[in-house]
Amino acid sequence: MSADPHYTLYHPRWYRRRVSVWWWLRKRSYARFVLRELTSVFVAFFAVIYLWQLWAVVQGPDAYARFLARLRTPLFLALDAVAFLFVLFHAVTWFNLTPKAMVVRLRGTRVPDAVIIGLNYAAWLVLSGMVAFVLLRA
Amino acid sequence: MQRITPLLWLLFSAGGTVAALLFPIHLLFTGIAIPAGWLEAPSHETLHRLMTHPVVALYLLVLIPLPLFHWAHRFRYPLYDGLQLKHLTALIAVLCYGAALLGTVTTAYLLWSIR
Numbered sequence: 001m002s003a004d005p006h007y008t009l010y011h012p013r014w015y016r017r018r019v020s021v022w023w024w025l026r027k028r029s030y031a032r033f034v035l036r037e038l039t040s041v042f043v044a045f046f047a048v049i050y051l052w053q054l055w056a057v058v059q060g061p062d063a064y065a066r067f068l069a070r071l072r073t074p075l076f077l078a079l080d081a082v083a084f085l086f087v088l089f090h091a092v093t094w095f096n097l098t099p100k101a102m103v104v105r106l107r108g109t110r111v112p113d114a115v116i117i118g119l120n121y122a123a124w125l126v127l128s129g130m131v132a133f134v135l136l137r138a
Numbered sequence: 001m002q003r004i005t006p007l008l009w010l011l012f013s014a015g016g017t018v019a020a021l022l023f024p025i026h027l028l029f030t031g032i033a034i035p036a037g038w039l040e041a042p043s044h045e046t047l048h049r050l051m052t053h054p055v056v057a058l059y060l061l062v063l064i065p066l067p068l069f070h071w072a073h074r075f076r077y078p079l080y081d082g083l084q085l086k087h088l089t090a091l092i093a094v095l096c097y098g099a100a101l102l103g104t105v106t107t108a109y110l111l112w113s114i115r
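Chains H and U, in that order, are what the protein sequence lines are. Going left to right, the first sequence walks through residues 1 to 138 as the numbering used here numbers them. Going left to right, the second sequence walks through residues 1 to 115 as the numbering used here numbers them.
The set of hints was computed from the structure by calculation and includes no laboratory data. We put the CB at the ideal spot given by N, CA and C, even for glycine. Just so you know, not all the hints are guaranteed correct.
Where chain U lies over chain H, by a calculated footprint (3+ residues, C-beta under 8 Å) [said to hold, decoys possible]:
#, segment
1, 84-93
2, 110-118
3, 127-133
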């Protein structure tokens, strides 16, 4: 691909149809795929918010108060609400995919997909409860 | 690049799991419930005390960097295929993983400086 192609008179160029940048909107399953990959943007968005909070706490009470005030603005509330929906979409699609990425065998038989998915949701519930407990008590 | 691909995939999948299990609840608290006024924000003193605890520091060192690497790995595909930037593969990879690395170093530095 690095060398410049040479075109002759009778072989002008390879025919390649241009595909629109919006190809993924044509079919539901394509759109789901792209939306699923885009959940990562909101995952990163929240990781940065948490990093920002850490930075603000290190800076001191004033910076922390400014951080809290910034998150109260309509812009950030809206962004966080959208991010929450995308992060939920990520969690659900991720849990449902686990049995395909990880096959677990127990005494020679394959553990059913539903059990692995169920364990994921159970872990989600327990961990969310633990985090909520710590954050509410703090 | 070829040799570190398994490591990058491991970071992607570990980060995806961390984000799936822990981000919804943290986002609900920090991003929605507290700014909306449903819950009172923890005081600076409380958070500072929490963050100086070694277990919490370790937790944050998992909670922030791994999902960043998850993003770095996954976000490349909508760029390659969605926006048809396949010819910029190397540049996109450097920018994405570089940003994740920067976030990791910053997290570690902040946690180290707060001790």
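Coverage criterion applied to the segment 84-93 of chain H (partner chain U; beta-carbon cut 8 Å; 3 residues)
holds (count 5)
Between the segment 110-118 of chain H and chain U, are there enough contacts, at least three residues with CB-CB distance under 8 Å, for the coverage claim to hold?
violated (count 0)
Within 8 Å of chain U's CB atoms, at least three CB atoms from the segment 127-133 of chain H: coverage verdict:
holds (count 4)
Comparing the model with each earlier hint shows a violation of hint 2 alone; every other hint is respected.
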